[in-house]
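Chemist: Sequence:
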Amino acid sequence: MKALGWLVGALALAACQRPADVAPSPRSPASLSVASEALAAYPGLARVTAEAQKAGASTPVLVSVGAGAAGDRVAGTVTAPDTECVLVVARAAASVDDIDLFVYGDDGAVLGSDEGPDKTPALVVCPPHPGRLYLMARIAAGQGIVSVSAQQVEPSAAKRVANRVKAYNSEARERQRLEAWPGLEERLAAHRHLIGASWQDVRRVALPLDARVPTHVTASVDQDRCLDALVFPSDEVSHLELLAMDTDGRIVARASASGRERFLVVCSPHPGNLTFEVRPHAGRGLAVLLLSRTVPGSEADLDPDAPRAELMPLGDLAHARRALADSLEHAGYDRGRLLFTGAAPVGAKTSVPLSLGAGCSRLDVVSGTPLRGISAWLWNEQGALIGHAKSGGKGVLFACGKGERARLDLEALTRAGPVAVELRKEDATPELLRRYPLAAGRLLARMVAYGVIKTASQVGAPRAIQLEPSRLESIDVLVPVGRCVDVTLALGPDASGAEVRLVTTDPKGSEAGEIAELALSRGTYATSARACALGRGTIHARAELRAATGNTIGLVATRMLAPRK
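Here the sequence shown is numbered in my numbering, starting from 151 and rising by one per residue.
In case anyone wonders, no lab produced these hints; they're calculated from the structure. From a predicted model like this one, the values you see are computed outputs, not experimental measurements. Every residue, glycine too, gets a C-beta built ideally from N, C-alpha and C. Some hints could be false.
Claimed, not checked - Between beta-carbon pairs, the in silico distance windows are:
(1) R613 <-> D385: 47 to 55 Å
(2) R310 <-> R485: 45 to 53 Å
(3) A508 <-> K604: 16 to 24 Å
(4) G601 <-> G632: 18 to 26 Å
(5) S477 <-> T229: 14 to 22 Å
(6) G465 <-> K575: 21 to 29 Å
(7) D626 <-> Q532: 35 to 43 Å
(8) G492 <-> T397: 25 to 33 Å
Unchecked claim - Computed cross-link-like contacts, BS3-like style, restricted to lysine-lysine with a CA-CA straight-line distance of at most 27 Å:
(9) K540 <-> K575
(10) K604 <-> K552
(11) K604 <-> K575
(12) K552 <-> K575
(13) K540 <-> K604
(14) K552 <-> K540
(15) K309 <-> K204
(16) K499 <-> K540
(17) K575 <-> K499
(18) K204 <-> K316
Using the sequences and the accompanying hints, generate a full structural model.
Modeler: As structure tokens, this is what we get:
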């Protein structure tokens, strides 16, 4: 672990002082040995910090000590590396009956709070967080001396430390609070089914809400992924407001009103930080905030009608083009041919005529700041759609056919800005892709986005299958031991709701006629499911394929992969 090197500022409050009349006083950088000796004067604090050290926390630092009555506060500041977690603990004399503990960022965002009816609050705050943290312990009942400490914790040890000291965001206490929302898992599953894509849990936290002051929670968005913030309020609050703000304080998105719940989906072409602001218009109570991020590559499965906000790309257009060229060069592409460079307006389309050769080509739509959100449609000479992409700052389309003229329409979604279109010819691709250009473009885009293939020439031997809502089509899939098989389905025109379900056809260990599901995946126009044979013999599986609406010819491709570490 890195040397702690924290700067500590302390504030001690006399019992007769009011919170509004005091201000923090600076203190020189604390010596760890001195801090340890100072903690010995407060046995309750010394015991819990010692337990934290056994679980992996650093030497504790005494941040602040003060005396007060109900309503008074003891506060201080610490600075810590923004890559490390921080354990904050408050303890009090026997005459204090209840303490509340808060951690704030530079922008006033609540990074953590413990307002339980007890006098043993503790919090673990992990990245993303600013370098300087404001710590405050508030006496809720009783009077006496309160002390606050802080310890640095490596992220890998954060869960262990939180559980050891029974921090507010430890697994046990978090699970206890979330049980106050019966049916939470079912409601979350219904929400994810509504907006599409595949999701991973990031964080679940119970938030105190008050109509007089907003509650802030910070979160990060990974590059080329989306973050979903879903809020379920308790019955004591109503008319909830949910905002997402960027690091400059600009409002990126505002949740639309729909029942009592609120949600926002924010996607980004680059790593970024967000602050979610939650505030009821009436009442005081609690809400549960569930943060989820997309499984890499499933962003294309988001329902087109689901509310979605985009963060702006970073850097100018030239920088974005260089970064794209460098990444594609590693995949085996050439530098590409520039077809268009100009401005993409909001509320109007820019058309780019182009000529496509026989086979498949890759079209990259690249944008620079201040553009926010881009949508692109590719049409053939007959006016049929052969490709579509929608993203925050860059998009990729695969155009397959026998060689013809086409047109690419571009539109900025939220904010206008510069955009460029580059064309790269793909090497030898299957003849089947030319006969079904829309399904082929969706199939290749899905497999590339999901990391199954790097170029179109690696697609293998796709199959064309007639799909309709009232019929299940299936193909046999063999998964060798120690390997994985990915099955990708893409729909042609006039259909939506792609579904792939992998089931085992091996009767061993199951009753006659019983079907064991291995994976299930759904997407608007394309989706993929994966099965792995790890630690057991070869799996004899079947992929069941379906379109939820419409009749169309779909393309399905299988690809054998090594298990992900």
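Chemist: Are the hints correct? Go through all of them and say.
Modeler: Going down the list of hints, with the structure as the test:
1. R613 <-> D385: 47 to 55 Å: This hint holds: roughly 53 Å between Cβ atoms.
2. R310 <-> R485: 45 to 53 Å: Holds: the Cβ-Cβ distance is about 49 Å, inside 45 to 53 Å.
3. A508 <-> K604: 16 to 24 Å: Holds: the Cβ-Cβ distance is about 22 Å, inside 16 to 24 Å.
4. G601 <-> G632: 18 to 26 Å: At roughly 19 Å between Cβ atoms, G632 and G601 fall inside 18 to 26 Å, so the hint holds.
5. S477 <-> T229: 14 to 22 Å: Given about 36 Å between the Cβ atoms, the range is violated.
6. G465 <-> K575: 21 to 29 Å: 27 Å, holds
7. D626 <-> Q532: 35 to 43 Å: 37 Å Cβ-Cβ, so the 35 to 43 Å window holds.
8. G492 <-> T397: 25 to 33 Å: 29 Å, holds
9. K540 <-> K575: Within the cut-off at roughly 21 Å; holds.
10. K604 <-> K552: With a Cα-Cα distance of about 23 Å, the restraint between K604 and K552 holds, given a limit of 27 Å.
11. K604 <-> K575: 14 Å, holds
12. K552 <-> K575: At roughly 13 Å apart (the allowed maximum being 27 Å), K575 and K552 satisfy the hint.
13. K540 <-> K604: Satisfied, since the Cα-Cα distance of roughly 20 Å is no more than 27 Å.
14. K552 <-> K540: 25 Å, holds
15. K309 <-> K204: Since the Cα atoms of K309 and K204 sit roughly 13 Å apart, the hinted pair holds (cutoff 27 Å).
16. K499 <-> K540: Given pair K499, K540 holds - Cα atoms ~14 Å apart, limit 27 Å.
17. K575 <-> K499: 25 Å, holds
18. K204 <-> K316: 14 Å, holds
Of the numbered hints given earlier, the model fails hint 5 alone.
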